[in-house]
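With the hints as your guide, set chain B with the ligands onto chain A.
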Amino acid sequence: MTLLELKNVTKHYSPAVAPALADISFSVNEGEFISVIGPSGSGKTTLLRTINRMVELSGGEITFAGVSISRLRKSELRKLRSKIGMIFQHYNLVDRMSVIENVLHGRLGHKSTLAGILGSYTLAEKEQALRIIQMLGLDEYINKRCDQLSGGQKQRVGIARALVQNPKLILCDEPIASLDPSSAKIIMDYLKNISRDLGITLLVSLHQVDIALKYSDRVIGVNRGTIVFDGKPDELTRERVSEIYGFDAGDLMINLGESEGYAS
Amino acid sequence: MMEIDESIEVWGKMGKRDGGNNLRPLIAKPLDRATLAIRLTLFVLAGMTTYTFLTLGSNGVNVAQATAETLSNFATMFLHPYSHHLTVWDAFYEVLITLGLAYLTTVLGGVLALFLGLMAAQNLAPKWLTNIIKSFVAVIRAVPTILWVLIFAVAAGLGSTAAVIGLTFHSVGYLTKAYSESFEDLDRSVIEALRATGANWWQVVFQAVIPSSATYLLSWTFLRFEINFGNAVAMGAAAGAAGIGFDLFMAGGYYFDLHEVGLITYLVLAFAIVMETAATYMKRRLQSGE
Ligand SMILES: Nc1ncnc2c1ncn2[C@@H]1O[C@H](COP(=O)(O)OP(=O)(O)OP(=O)(O)O)[C@@H](O)[C@H]1O
Ligand SMILES: [Mg+2]
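From first to last, the protein sequence lines are chains A and B.
Heads up, the first sequence is in the working numbering, so the first residue is 1 and it goes up one at a time.
Heads up, the second sequence is in the working numbering, so the first residue is 1001 and it goes up one at a time.
Bear in mind the hints are in silico, worked out from the structure with no lab data behind them.
Some hints here could point you the wrong way.
[To be verified] Beta-carbon label-pair distances, calculated as ranges: (1) A:Ser40 - B:Gln1287: 39 to 45 Å; (2) B:Ala1037 - A:Pro15: 37 to 43 Å; (3) B:Val1107 - A:Ala115: 22 to 28 Å; (4) A:Lys79 - B:Asp1187: 23 to 29 Å; (5) A:Asp217 - B:Val1107: 57 to 63 Å; (6) A:Leu130 - B:Phe1136: 43 to 49 Å; (7) A:Leu72 - B:Lys1283: 43 to 49 Å.
Glycine residues also receive a C-beta, built at the ideal position from the N, C-alpha and C atoms.
So that you can see chain A by itself, here it is in the shape it has in the complex (with noise of 0.2 Å):
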């Protein structure tokens, strides 16, 4: 069943310079786990956050679960957000509350502006919490600021953040790029997880070819804001990597028949 759909998605942040997106169209099927490829500056936090809203479009329609969301308003488009879940490179955590207020913040959309306000939050609100942080191994830290943990446990505190929402889709944006080999494989498997076991929709972008290729379901390469290549992980030749980062890929030292050695 199709969740998201893109139409002729265009992007225009000033008219003078080439537009970050232009004329973006694809699908997404529910459950699925998608990465999003491309050089730097090539559109892919542009693609995410205009799903969301958080970029507004310049042209083109995107529906999410068969609402058309260009034309919401606010309260529907709060309501739009609260079935996305979002998560950061940097985390953007806040840094001098908890991690089960960091967590907590996740239901914040789904309550009316008074209930938010006061922070009153219901039983099953704190005990769906706190399941979601003992799931990612958080529950030693439950109580400690979140300046206080390290790169790989913020970036657990933002997953839950955005699993509390029930989300039917995440959107992470490059999850990984500030996190050691180690930490970045403990997340993307806590990624891999919440697709298969709790399937949820997960659209990913990515900087390392070999991670998308091994995670995902589908592979999507965005060059200067176009889709240059939509298709399954094995499809994903050498020709065409190249194609999507306008190099050789020999250049890039990247080793597609080496995606396993990272696994183990």
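Relative to chain A, chain B with the ligands alone:
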């Protein structure tokens, strides 16, 4: 050991190479516009100071005698504090009134400044709005508190009403700047992340912005309370607002009762110390509570 030796050697080499060419411009600071401005300012200030001293009229005051008499007055004040017109309890009550004035103006100013501070924080409000609010409160702050009191006295008459409005006004200017800068400590990208979960502006403010700047807000508010306490004493004297300041004014300027001035000063000092201790204690409680 090997590594350390090696790194030292490398540093040595780098030093040799860099010291020759690259470091020199850093040491000989070029005369840019900022340095020029600083030097000009210092020069003008030095000139003005010299001029002032040269033209200061001493009007035949004998410096030695004047110093001795001042010291003797201080001795009367602070070594023999005593009250003639006020009982100690009266004085205590009057300090409480002054304290009330400081408290009222700080709370009123704090509440107003909280909202203005949110509108002046660059991560929370559009740029045009922050610019308007920031220039508005800059103007308020530029005018001294006592002048605001006198300005409001035109409408309200000299007395406690003018003092309350004037003190509150200046507190708003001061606290809005302090609060908005504390709010700006929270990164814009963090606020965006919360907006992306569907949280609205008010929820983000109350669930993330204010809690994470709470200790700053509290310290700024206490600091302003201390300032307002001092101002409230001065207002009692200068603007005829009630409180210990008025008694201080009467004792010093009307009855020339230096003993009583000493007593009142000690009382105000005692209150200031108690407040400072309480503030420190509360801040520590708040920090360890996290
Ligand atoms: N807020 C903005 N205002 C103006 N231009 C922007 C803005 N954000 C992005 N751009 C431009 O849009 C284009 C796409 O940027 P985007 O951040 O989406 O790329 P990206 O693929 O995420 O890059 P990276 O891999 O470096 O994160 C770039 O040319 C960038 O300069
Ligand atoms: Mg990006």
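To see whether the hints hold, each was checked on the structure:
1. Take Ser40 of chain A and Gln1287 of chain B: their Cβ atoms lie about 41 Å apart, and the range 39 to 45 Å holds.
2. Between Ala1037 of chain B and Pro15 of chain A the beta carbons are some 40 Å apart, a value that agrees with the proposed interval 37 to 43 Å.
3. A hinted range of 22 to 28 Å holds for the C-beta pair Val1107 of chain B and Ala115 of chain A, which are about 27 Å apart.
4. Between Lys79 of chain A and Asp1187 of chain B the Cβ separation comes to about 26 Å, which falls inside the hinted range of 23 to 29 Å.
5. About 59 Å separates the C-beta atoms of Asp217 of chain A and Val1107 of chain B, a value consistent with the hinted range of 57 to 63 Å.
6. Range check, Leu130 of chain A to Phe1136 of chain B: about 46 Å between beta-carbon atoms, so the 43 to 49 Å window is met.
7. For Leu72 of chain A and Lys1283 of chain B, the hinted distance range of 43 to 49 Å is satisfied, since their beta carbons lie about 44 Å from each other.
When the structure is compared with the earlier hints, no violation turns up for any of them.
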